[in-house]
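Q: Given the sequences, and given the hints that come with them, work out the whole structure.
Letter by letter, the sequence shown follows residues 66 to 564 of the numbering used here.
Hints were generated in silico from the structure; no laboratory data involved. Check each hint, because a few of them may be wrong.
What the hints assert, rightly or not - Estimated spans, in silico, between C-beta atoms of each pair:
hint : residue 1 : residue 2 : range
1    : Phe430    : Thr355    : 29 to 35 Å
2    : Asn145    : Ile272    : 50 to 56 Å
3    : Arg313    : Thr355    : 52 to 58 Å
4    : Gly282    : Ser302    : 29 to 35 Å
5    : Met261    : Ile153    : 40 to 46 Å
6    : Asp409    : Arg313    : 40 to 46 Å
7    : Asn145    : Lys166    : 36 to 42 Å
8    : Arg313    : Met82     : 26 to 32 Å
9    : Leu183    : Thr98     : 48 to 54 Å
10   : Val212    : Ile88     : 37 to 43 Å
11   : Ile270    : Leu183    : 25 to 31 Å
12   : Leu183    : Glu209    : 26 to 32 Å
13   : Asp146    : Leu105    : 49 to 55 Å
The beta-carbon is built from N, C-alpha and C at its ideal position, and this holds for glycine as well.
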Amino acid sequence: MKVKIKSVSTRYMLIFMAVMVVIVIIMGVIITTIVSSFSLDTKMKEMYDVNRMFDKYYDEADKKDKNLYETLTSSKEELNDMLDLIFINSPYCDLLVFDLKGELVMYASQEENGIELLFNTTKSLPSVISRETLPVHIINNIIEDDVISRSDNCDGFFSKEVVHYASVLSDENGEAIGIVMSYDRGDEEGDLIFDMLISIVITVIWITIAALFAIYGISYRIMRPLREIGRAARSFSKGNFNIKVPVRGEDELAELADSFNKMAAALYSKDEMQKNFLSNVSHDLRTPMTTIAGFIDGIIDGAIPPEKQEYYLHIIKSEVTRLSRLVTSLLDISRMQSGERKFDIKNFNICELARQTIISFENQFEDKKLDVEFNCDDYDIIAKGDKDAINQVVYNLCHNAIKFSYDKGKYIVNIASKGNKVEFSVYNDGIGITEEDIPHVFERFYKSDKSRGLDKTGVGLGLFITKAIVDAHGEKISVESEYGKYCKFTFTLTKGEMT
66 MKVKIKSVST RYMLIFMAVM VVIVIIMGVI ITTIVSSFSL DTKMKEMYDV NRMFDKYYDE
126 ADKKDKNLYE TLTSSKEELN DMLDLIFINS PYCDLLVFDL KGELVMYASQ EENGIELLFN
186 TTKSLPSVIS RETLPVHIIN NIIEDDVISR SDNCDGFFSK EVVHYASVLS DENGEAIGIV
246 MSYDRGDEEG DLIFDMLISI VITVIWITIA ALFAIYGISY RIMRPLREIG RAARSFSKGN
306 FNIKVPVRGE DELAELADSF NKMAAALYSK DEMQKNFLSN VSHDLRTPMT TIAGFIDGII
366 DGAIPPEKQE YYLHIIKSEV TRLSRLVTSL LDISRMQSGE RKFDIKNFNI CELARQTIIS
426 FENQFEDKKL DVEFNCDDYD IIAKGDKDAI NQVVYNLCHN AIKFSYDKGK YIVNIASKGN
486 KVEFSVYNDG IGITEEDIPH VFERFYKSDK SRGLDKTGVG LGLFITKAIV DAHGEKISVE
546 SEYGKYCKFT FTLTKGEMT
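A: The following block contains the structure:
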């Protein structure tokens, strides 16, 4: 059965503990290998020295007319002195002497009560020696190689694998007469490795405990803001966007929390915009429809006399036109957002387009007695874009500038070439836009409180559509304004080529 661990902190701790276990295993293998290699080298050198000392003693001994056994037993006092010197330096080494038949001639070992020295007997031999004779083929191998050092059980002579060193003993004529073998009977290597592993394990345990506390603290610090973000996200799923996550410090988590708060604010703003959108659409649809229905009912019921019916029919026509503009604007927005509206990018004369648009507003200019100024760097400036869509942008900006201009104020349309861009701007002396309203002027259905009294016919979608068209061309639109004095809208297009 699978156990699912949901807590990230618990996962971190389990992963860390698994890593520590792997580290202990790897360190144990490495240390065991190093210690074993070092111990083997040390033991080989130690046994080499033991054999060399014994060889030197045997070479200097009186061997005339004596066999191996007689030579070793002829001067036990000197032999004991020599063995005493050997075992002082190598207390864990035992010494074995064999004749050429493999029979054990002498055994010497350092014991607690002194040196144990045995001749021609297997009694009291340590348990590591399991046979009375050394295999003849091993004797022959030693004689052939003169020296053999290795770690094995000598073909069953030893009950386990031991490190041993063997060399040849010669008589007075230089002929091989026997074999001397030293081997290590101590288990200090295993004890050392065990002690080191225990030390490593204890050290790792303490490090693990300390690290777990550290990981818990760190993971708590990391998970705390994530949990708060999770709670906030769950609130979002319930439609509550008016929530903030505490921002602590200046690290990546603080940056994440800050970004989340900005996202929450954006979602809250979008949610409010959506509510306002529905409210405004409902209001802008209901108001003219109520007006139309009321006037039509008045005409049908006879409440409106025939001489005034034409006047009210003009009002009805105006409201129908307003409804048509609203529906058309909503359809434009829907098509642009769904990607159904395709833009036909071509070269066109933006100066000529602007001239025609300004001429179409001639009556409005005269009504407000505006001081109109049209500036163009050249008579013809070619821009790249969808001519119909850009015409809609120019019309919206120019029309808005007239609506919010002061009577007798300045009205300036400026078209300039700047590198590979064409910059189009519309300036007017007028009510302008407050600093608080500037970030929202391109939002759907947004109308500042100050503008509502001046704009009776607009539905608050013109600037939103304008920005959507400019964005679709990969260009930028901006606004500059000082409330009560002026307003200036500017957008750019890519410069085209004259055809």
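Q: Does each hint fit the structure? Answer for all of them.
A: Cross-check of the supplied hints:
Take Phe430 and Thr355: their Cβ atoms lie about 34 Å apart, and the range 29 to 35 Å holds. Look at Asn145 against Ile272: about 52 Å separates their beta carbons, and that is inside 50 to 56 Å. Hint check: Arg313 to Thr355, Cβ distance near 53 Å, so the stated range 52 to 58 Å holds. Between Gly282 and Ser302 the C-beta distance comes to about 31 Å, which sits within the given range of 29 to 35 Å.
About 27 Å separates the C-beta atoms of Met261 and Ile153, a value inconsistent with the hinted range of 40 to 46 Å. As the Cβ distance of Asp409 to Arg313 is approximately 52 Å, the hint placing it in 40 to 46 Å is violated. A hinted range of 36 to 42 Å for the beta carbons of Asn145 and Lys166 is inconsistent with their spacing of about 26 Å. A C-beta distance of roughly 29 Å is found between Arg313 and Met82, which places it inside the suggested range of 26 to 32 Å.
One distance hint, 48 to 54 Å for the beta-carbon pair Leu183 and Thr98, is violated here, with the actual separation near 37 Å. The hint said 37 to 43 Å for the Cβ distance between Val212 and Ile88, and at roughly 42 Å that hint holds. The hinted range of 25 to 31 Å is not satisfied by Ile270 and Leu183, whose Cβ atoms lie roughly 48 Å apart. The hinted window of 26 to 32 Å between Leu183 and Glu209 holds, with their beta carbons roughly 28 Å apart.
Range check, Asp146 to Leu105: Cβ separation about 30 Å, and the 49 to 55 Å hint is violated.
This entry does not satisfy hints 5, 6, 7, 9, 11 and 13, going by the numbered hints stated previously.
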